[in-house]
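Enquirer: Respectively, the protein sequence lines represent chains A and B.
The opening position of the first sequence corresponds to residue 0 in numbering that gives the first Met the number 0, with each subsequent residue numbered one higher.
The opening position of the second sequence corresponds to residue 0 in numbering that gives the first Met the number 0, with each subsequent residue numbered one higher.
Quick caveat, the hints were computed from the structure, so don't treat them as lab data.
Do not rely on the hints blindly, as some may be mistaken.
The list treats identical chains as interchangeable, and a pair is accepted whether it falls inside one copy or across any two copies.
Said to hold, decoys possible - Derived DSS-like pairs: lysine-lysine, alpha-carbon spacing no greater than 27 Å straight-line:
1. Lys160 with Lys243
2. Lys63 with Lys160
3. Lys160 with Lys215
4. Lys215 with Lys243
Now for the letters of each chain:
Number of protein chains: 2
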Amino acid sequence: MTLIYKRVALIGLGLIAGSMSLAIRRGKLAEEIVGYARSQETRDIAREINLVDRVVESAEEAVKGADLVVLAVPVGAMGGVMEAIAPHLKEGAVVSDVGSVKQSVFDAVMPHMPEHAHFIGSHPMAGTEHSGPRAGFATLFDNRWCLIVPPADAEQAEVDKLAEFWRAIGADIEFMEPERHDLVCAVVSHTPHLIAYTMVGVADDLRRVTEREVIKFSAAGFRDFTRIAASDPTMWRDVFLTNKEATLEILGRFTEELFALQRAIRTGDGDTLFDYFTHTRAIRRGILEAGQDTDAPDFGRTKAAKE
Amino acid sequence: MTLIYKRVALIGLGLIAGSMSLAIRRGKLAEEIVGYARSQETRDIAREINLVDRVVESAEEAVKGADLVVLAVPVGAMGGVMEAIAPHLKEGAVVSDVGSVKQSVFDAVMPHMPEHAHFIGSHPMAGTEHSGPRAGFATLFDNRWCLIVPPADAEQAEVDKLAEFWRAIGADIEFMEPERHDLVCAVVSHTPHLIAYTMVGVADDLRRVTEREVIKFSAAGFRDFTRIAASDPTMWRDVFLTNKEATLEILGRFTEELFALQRAIRTGDGDTLFDYFTHTRAIRRGILEAGQDTDAPDFGRTKAAKE
């Protein structure tokens, strides 16, 4: 494996950056991985578990001499980080991110990019409900999608290099324009997360009615929602604030559909419900046929202490 | 293991009845398991895979001489089945069901119950997104909850026997009154299923916008919904039609919460979102501490061909 980038700087040391570091080491893809996180605690943990080769005390310091800089901070923080590191970027450095939205990242980052450097967005569609420096693992990106979102005027050679890098990390690559990226993600990720957060919030509110029963009997369906509703709050706050239009658009469609089903329940229209449920079942099949989930009952769930 | 019921009759031969049969055999809990299903195809499959000891051609025939009769048909079909089998029940037989709602099952079944027999409801809170006679497995109920819902005037000795039977099948027992059962299930199961069905329906609708991308990138969150949205359409139609009040009540609270979050997104109120997401995260912890789900990332999901 020839080195694509000699030195990689990771700004932010959470689940994604940590997993990138471990995957880069696994593939011997860089000579040195330098990392910085805003929180002292995170930096200490990163040093303790040897998450990266060198943990430094500032983002400016981290990017010095780096051939690739990865912004792995919440979307809302990217503009500020970019502004801080811009003057310190190596000549011809590539800057990328791992944010779940893209248009607003472009808007926040581009104004600060120096002429000599290249910004190319990436969105590794991988992660778990866990977060923080201890949550990372080297195989996180294996056979998962990484959407690469280049600006209109990107240099093709640099885009190809970044794609090659993500492939070496284990991911499958797809190229997308920022607007389309944000719409697709609103459908497959952002709105489902908001719905899950809401359902979990409602159930918790009802614990006043149902005491511990909500948790005790959660295996009946509810618990499937609690996993994605346990994702990092800061990250998701920023996702919704920065992909507002697309999320609100999909939410509008969701409530429209929900009201139609609610009405069918109220009026006892069983045929509408049956047809709807039959149809959605076919979509699950499509996902299984596309190899996007396991067909094992219950996700082949690892048995919990008590299910 | 002393026999609790010598002969068990299973009306309906889907996932639940099939799994009961296999679990009863595993524990040698009955001398004979007789089964009937309305569809010829299901009866043929049941015979082919030897799902029960004897498959008969009518529900009336199935219950003859049975000490325990289990109605494992959709909730909407229970009244009709009960009416048909009532005259043929053995003296002192126990009739139970496995429906996901209880009040309406009582309403449908009780008027037909002969004086000499005993109806006691059960709700094994177990299942997978798969259905049909081939979907069953002996361990389905192991360490899962089975809610036993006796009528107010039930004979305690019969209730205890049924509880003992379910424990021998592998389940943990909890007793509940019908109204409370229906409310708790509306929260932990019924409403979450309707929400999942809706989200999946919306995403499918958007395939016009996003082509295959909805399925291709479903691992980003959406696919978690598609599992429970793949459950048996007939069963769920009946659940919503028969637990109407409780489901609509919880749905009302859900839309109320959703609109509050939607408003926070529209107005850019990040604090509200952050607090909400932090709170829901704690609920996931509660479920894990209660041993109700696995803490393995991604449910410890069996890797799909391509995730």
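Enquirer: Taking 27 Å as the upper bound on the Cα-Cα distance, should Lys215 and Lys243 be classified as within, between, both, or neither?
Expert: between (35 Å within a copy, 23 Å between copies)
Enquirer: I want to check one pair: Lys160 and Lys243. Are their C-alpha atoms no more than 27 Å apart within a copy, between two copies, both, or neither?
Expert: For Lys160 and Lys243, the Cα distance exceeds 27 Å both inside one copy (32 Å) and across copies (57 Å).
Enquirer: When no copy is specified for Lys63 and Lys160, does a C-alpha distance of 27 Å or less occur within a copy, between copies, both, or neither?
Expert: within (20 Å within a copy, 74 Å between copies)
Enquirer: With identical chains treated as interchangeable, where does the CA-CA distance between Lys160 and Lys215 reach 27 Å or less: within a copy, between copies, both, or neither?
Expert: This pair counts as between: shortest inter-copy Cα distance 24 Å, intra-copy 50 Å.
Checked against the numbered hints listed earlier, the structure breaks hint 1 alone; every other hint is satisfied.
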